[in-house]
Each structure stands twice: as C-alpha cells, then as structure tokens.
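Top to bottom, those sequences are chains Y and X.
Count along the first sequence from 1, then add 1; that gives the number in the working numbering.
Count along the second sequence from 1, then add 112; that gives the number in the working numbering.
In short, the hints are calculated from the structure, not lab data.
We put the CB at the ideal spot given by N, CA and C, even for glycine.
Only true hints are included.
Which chain X residues stay away from chain Y? Per the calculated CB distances, all over 10 Å, these:
{"hint": "1", "residue": "Thr117"}
{"hint": "2", "residue": "Pro120"}
{"hint": "3", "residue": "Ser124"}
{"hint": "4", "residue": "Ser126"}
{"hint": "5", "residue": "Arg130"}
{"hint": "6", "residue": "Val131"}
{"hint": "7", "residue": "Arg136"}
{"hint": "8", "residue": "Lys151"}
{"hint": "9", "residue": "Lys173"}
{"hint": "10", "residue": "Ser175"}
{"hint": "11", "residue": "Leu190"}
{"hint": "12", "residue": "Pro192"}
{"hint": "13", "residue": "Ala196"}
{"hint": "14", "residue": "Glu217"}
Keeping only pairs whose Cα atoms sit at most 20 Å apart, straight-line, the calculated SDA-like set for lysine to any residue is:
{"hint": "15", "chain 1": "X", "residue 1": "Lys154", "chain 2": "Y", "residue 2": "Gln2"}
{"hint": "16", "chain 1": "X", "residue 1": "Lys157", "chain 2": "Y", "residue 2": "Asp107"}
{"hint": "17", "chain 1": "X", "residue 1": "Lys154", "chain 2": "Y", "residue 2": "Ser22"}
{"hint": "18", "chain 1": "X", "residue 1": "Lys151", "chain 2": "Y", "residue 2": "Gln111"}
{"hint": "19", "chain 1": "X", "residue 1": "Lys157", "chain 2": "Y", "residue 2": "Leu114"}
{"hint": "20", "chain 1": "X", "residue 1": "Lys157", "chain 2": "Y", "residue 2": "Asp100"}
{"hint": "21", "chain 1": "X", "residue 1": "Lys154", "chain 2": "Y", "residue 2": "Gly9"}
{"hint": "22", "chain 1": "X", "residue 1": "Lys151", "chain 2": "Y", "residue 2": "Glu47"}
{"hint": "23", "chain 1": "X", "residue 1": "Lys154", "chain 2": "Y", "residue 2": "Asp100"}
{"hint": "24", "chain 1": "X", "residue 1": "Lys173", "chain 2": "X", "residue 2": "Ala125"}
{"hint": "25", "chain 1": "X", "residue 1": "Lys151", "chain 2": "Y", "residue 2": "Gly45"}
{"hint": "26", "chain 1": "Y", "residue 1": "Lys13", "chain 2": "Y", "residue 2": "Asp90"}
{"hint": "27", "chain 1": "X", "residue 1": "Lys215", "chain 2": "Y", "residue 2": "Gly45"}
{"hint": "28", "chain 1": "X", "residue 1": "Lys215", "chain 2": "Y", "residue 2": "Gln44"}
{"hint": "29", "chain 1": "X", "residue 1": "Lys215", "chain 2": "X", "residue 2": "Gly153"}
{"hint": "30", "chain 1": "X", "residue 1": "Lys157", "chain 2": "Y", "residue 2": "Val3"}
{"hint": "31", "chain 1": "X", "residue 1": "Lys157", "chain 2": "Y", "residue 2": "Gln111"}
{"hint": "32", "chain 1": "X", "residue 1": "Lys154", "chain 2": "X", "residue 2": "Lys215"}
{"hint": "33", "chain 1": "X", "residue 1": "Lys157", "chain 2": "Y", "residue 2": "Ala41"}
{"hint": "34", "chain 1": "X", "residue 1": "Lys157", "chain 2": "Y", "residue 2": "Glu47"}
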Amino acid sequence: QVQLVQSGAEVKKPGASVKVSCKASGYTFTGYYIHWVRQAPGQGLEWMGWINPHSGDTNYAQTFLGRVTMTRDTSVSTAYMELRRLRSDDSAVYYCARDAHLVPFDYWGQGTLVTVSS
Amino acid sequence: DIQMTQSPSSLSASVGDRVTITCRASQGISNYLAWFQQKPGKAPKSLIYAASTLQSGVPSKFSGSGSGTHFTLTISSLQPEDFAIYYCQQYNSYPRTFGRGTKVEVK
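Sequences and hints are given; from them, build the entire structure.
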C-alpha cells in the first residue's frame, strides 16, 4: 500500500535551518511528483512547492523563494524539504503529498511539526 | 494567484442532515478542483478531484459539482465521523491555492 512516512518533530532557533524527509513506499517513487504543504497552528493549508523525483525539477511558491530547497534521493525513495533562515511564523506542521497531476494529493505523509522558538 | 473562497466558514449540523459547502474561485479553473477532509491532529484526506470524481474508497454520501468558478461539496447524510474541516483546492495553475476551510460541527 502507498505510504509516505515523514521524519520526526523538530525544534529550531530563529535563523536556523530544518530539513524534513518524506520516505515513499508502495509505488514507483519516480512516477509521481511530491508536493509540500504546511499548516500553522489553527490555520489553513499553504502550498510550498513540488519536486519531480524523476528529473529533480522543482517549482517553489513565491513566498518561499530563496529560503526553501526541495531535493530527492531516488536510491531510498525519499524526498526532502529544507527551509532556511527560520522565523517564529514558520512554526507549523509540514506535510508531503503525492501528486499525479490530474489526481492531486491522493496520499499524504503524517506531518512533521516544526517549532521555531528562541 | 487564484483566490479560493469557501462558505460558510463553519456550520452546525445534526447527524442525518444534508450539508452543502461552497467554494468559489477568483477566476475560471475549469474542473480542476479538489476537496479534502481534515480531522484534528491528522493529515488532510483526499475526497474528490476533478470537481466531482470520488477518490477511491470514499463513500458515495460525498458528492461534488461545479465548473468554472463555482463549486459545491455535499454530504448527503451527515454521520459522526464526518465532523471535520473541509478544504477546497484549485490545481488549474500554480501556485496551488486552498480555501480557508469549512468547519462542520455538531449542533
């Protein structure tokens, strides 16, 4: 069965970086884009960008340009999202989600809580 | 960016009620509209894509309709497990944008 398993919760200081992983199983990793979405406490969903695991191509939301990098390691079927220069308002749950272009976000990871606090 | 406006932001309903949630796009998105359900502490779950296509395994009490700028999600007979927050999302263009959510609560 399709699964996306994310890394555990992180606590970071302002100005630091965080790297969240998303390990895929149960399907061909390179056949589906991986998107990242975040959700601040009590708030809605915010799209961050995608990576094409086959080519490594990426597309980031304007909000995160210059601070986010999405990568993948096909040998371990894992996608990564690194966010730099963290601020307190980056505290959120970060989700990865599989996307089949015309069937968006059919599977989601369980989420990774990132807390930014001094 | 395409803005997605959901209404209402919250509603109170009883078990067995028929519930309808509306989502409007700031510009035409054809049928590139998805609906998600989120329960507290959980990841969103895909319910519907292409405005009206049920995701595999989703019960038929959920239905979606619409095209262009106006869309609806209907739950035909609300059950206890349906109390949650529902989000619409457009995937016609980037950035992908979500509505702000509709919280369905127990009356």
